[in-house]
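K.L.:
Sequence:
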Amino acid sequence: MAIEILGMVGTKEVSETRGSYFDGPAVDAAYLTRFAQAHDEAGFDRVLIGYGATAPDGFAVAGHVLAHTRRLGVLIAHRPGFVAPTLAARKLATLDQLSGGGRVAIHHISGGNDADQRRDGDFADHDTRYARTAEFMDVLRRTLTSDAPFDHEGPFYRFEGAYSSVKPATAAGIPLFFGGQSEAAVAVGAQHADVYMLFGEPLEQTAERIALLRAEAAKRGRTLRFSLSTRPIVAATEEAAWARAEAIAAETRRRAEAARVSAALVAGPAGSSGPAGSAAAGRALFATSGSVASARLQEVAARQQVYDERLWFGVTALTGPGGNSSGHVGTPQQVADALLRYHEIGVDTFLIRGFDPYDDVVDWGRELIPALRAGASRAREVVHS
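Each residue of the sequence shown is one higher than the last, beginning at 3 in the working numbering.
Source of the hints: derived by calculation from the structure; they are not laboratory data.
Since the model is a prediction, treat every value here as computed from it, not as a measurement.
Treat each hint with caution, since some may be false.
Said to hold, decoys possible - Each computed SDA-like pair below joins lysine to any residue, with the alpha-carbon atoms no more than 25 Å apart: (1) Lys14 x Gly348; (2) Lys169 x Pro151; (3) Lys221 x Gly348; (4) Lys169 x Gly156; (5) Lys93 x Tyr53; (6) Lys14 x Ala31; (7) Lys14 x Ala57; (8) Lys221 x Lys169; (9) Lys93 x Tyr159; (10) Lys93 x Asp42.
As the list claims (entries may be wrong) - Derived DEER-like restraints, expressed as beta-carbon distance ranges: (11) Phe152 x Ala174: 17 to 25 Å; (12) Leu100 x Arg375: 27 to 35 Å; (13) Leu100 x Leu214: 37 to 45 Å; (14) Gly223 x Gly163: 54 to 62 Å; (15) Arg368 x Thr56: 20 to 28 Å; (16) Val384 x Arg224: 26 to 34 Å; (17) Gln39 x Glu162: 43 to 51 Å; (18) Gly223 x Arg368: 21 to 29 Å; (19) Phe24 x Asp59: 29 to 37 Å; (20) Tyr33 x Asp122: 45 to 53 Å; (21) Ala31 x Gly163: 17 to 25 Å.
By construction, the Cβ of each residue, glycine as well, lies at the ideal position given by its N, Cα and C atoms.
With the hints as extra help, turn the sequences into a complete structure.
P.N.:
In structure tokens:
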């Protein structure tokens, strides 16, 4: 199967080393347009649109991206529990119809941060959230595909005569992506996902996860595709790439230390944490997560910084459990070759996003993405020869 290359867009330029989530307007429409178009021109297939309880609405962002690009697709991150699956299905199918078909997918995240869940009024525990996600995905898929009204009654949702008059525009439908590494997550993803998303772990651990997930899916008579998330750091020479990685780590370390000092000043010498102080401290610190996937990255980073020659955890060790922060370092061809080793063990989708968000996308379009596609094409030719 041909590889799929995903990027990630935001409504303002921000990363571990650039900008701030809390300064300036939350939506810079001109930047979003330019960022999305850069992905389109660089040859990306889709862009992930993230989800947060205080962030701009992902469906609205997706509509903007689709309207301002020629062929780029979107992968909308969604937390089940706040929108009925029947309504989510109609929203997705409508976007798919309006954008020409085949450009819309949904990524299910059950929530790794209890505080962020509670901002939107969700107080369910970890395993309950995953059970709800399973039912959500089941009803969502049924709504997108059913030719007749149906009834449904489960622990979280009840519908009578559920039906959507708008369906996906192509036979490919709306792909259902999913992420999570806990035991509860594995059961849900194996049963309901089309694409299972993995963080950038070393090859050996990734192969083990793929084998486990394939076995769980096979028990249910299903097969899965796999996506790997990584943060490439490329330069014209390997030496320059590693120097750039160290510069990124130095800036991340500086910002992390500044955040800690800011939080300490707000808390005061007695460590008080009133509402105003808590809010300011939260703004200063990097995002955190209680997810098993994020914890796995921290465990790997604690053992050593570099695996498989060029998979680097220098930023992971600095920012804490806040999501995918590991990245492959080297020349464009070296990084492409490293990613193709994951392709050999079953990964066919790569989510790549940069520490210099816009500039990296433009740069990757020149060499990294063409090298990655060319390598995958050669591998297919070998298989079929």
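K.L.:
Does each hint fit the structure? Answer for all of them.
P.N.:
Here is what the structure says about each hint:
1. Lys14 x Gly348: violated, 34 Å
2. Lys169 x Pro151: Status holds; Cα separation ~13 Å.
3. Lys221 x Gly348: holds, 18 Å
4. Lys169 x Gly156: holds, 24 Å
5. Lys93 x Tyr53: Holds, at about 16 Å.
6. Lys14 x Ala31: Roughly 8 Å between the alpha carbons, so the hint for Lys14 and Ala31 holds.
7. Lys14 x Ala57: holds, 11 Å
8. Lys221 x Lys169: Cα-Cα ~30 Å, so violated.
9. Lys93 x Tyr159: holds, 18 Å
10. Lys93 x Asp42: holds, 23 Å
11. Phe152 x Ala174: 17 to 25 Å: Holds: the Cβ-Cβ distance is about 22 Å, inside 17 to 25 Å.
12. Leu100 x Arg375: 27 to 35 Å: With a Cβ separation near 28 Å, Leu100 and Arg375 satisfy 27 to 35 Å, so the hint holds.
13. Leu100 x Leu214: 37 to 45 Å: holds, 39 Å
14. Gly223 x Gly163: 54 to 62 Å: Roughly 29 Å apart at Cβ, these two residues miss the hinted range, so it is violated.
15. Arg368 x Thr56: 20 to 28 Å: violated, 35 Å
16. Val384 x Arg224: 26 to 34 Å: Hint holds: Cβ distance 28 Å, inside 26 to 34 Å.
17. Gln39 x Glu162: 43 to 51 Å: holds, 44 Å
18. Gly223 x Arg368: 21 to 29 Å: Since Gly223 and Arg368 have Cβ atoms about 43 Å apart, the given range 21 to 29 Å is violated.
19. Phe24 x Asp59: 29 to 37 Å: Violated - the Cβ-Cβ distance for Phe24 and Asp59, about 18 Å, lies outside 29 to 37 Å.
20. Tyr33 x Asp122: 45 to 53 Å: violated, 26 Å
21. Ala31 x Gly163: 17 to 25 Å: Since Ala31 and Gly163 have Cβ atoms about 39 Å apart, the given range 17 to 25 Å is violated.
The structure does not agree with the numbered hints 1, 8, 14, 15, 18, 19, 20 and 21 stated previously, though it agrees with the rest.
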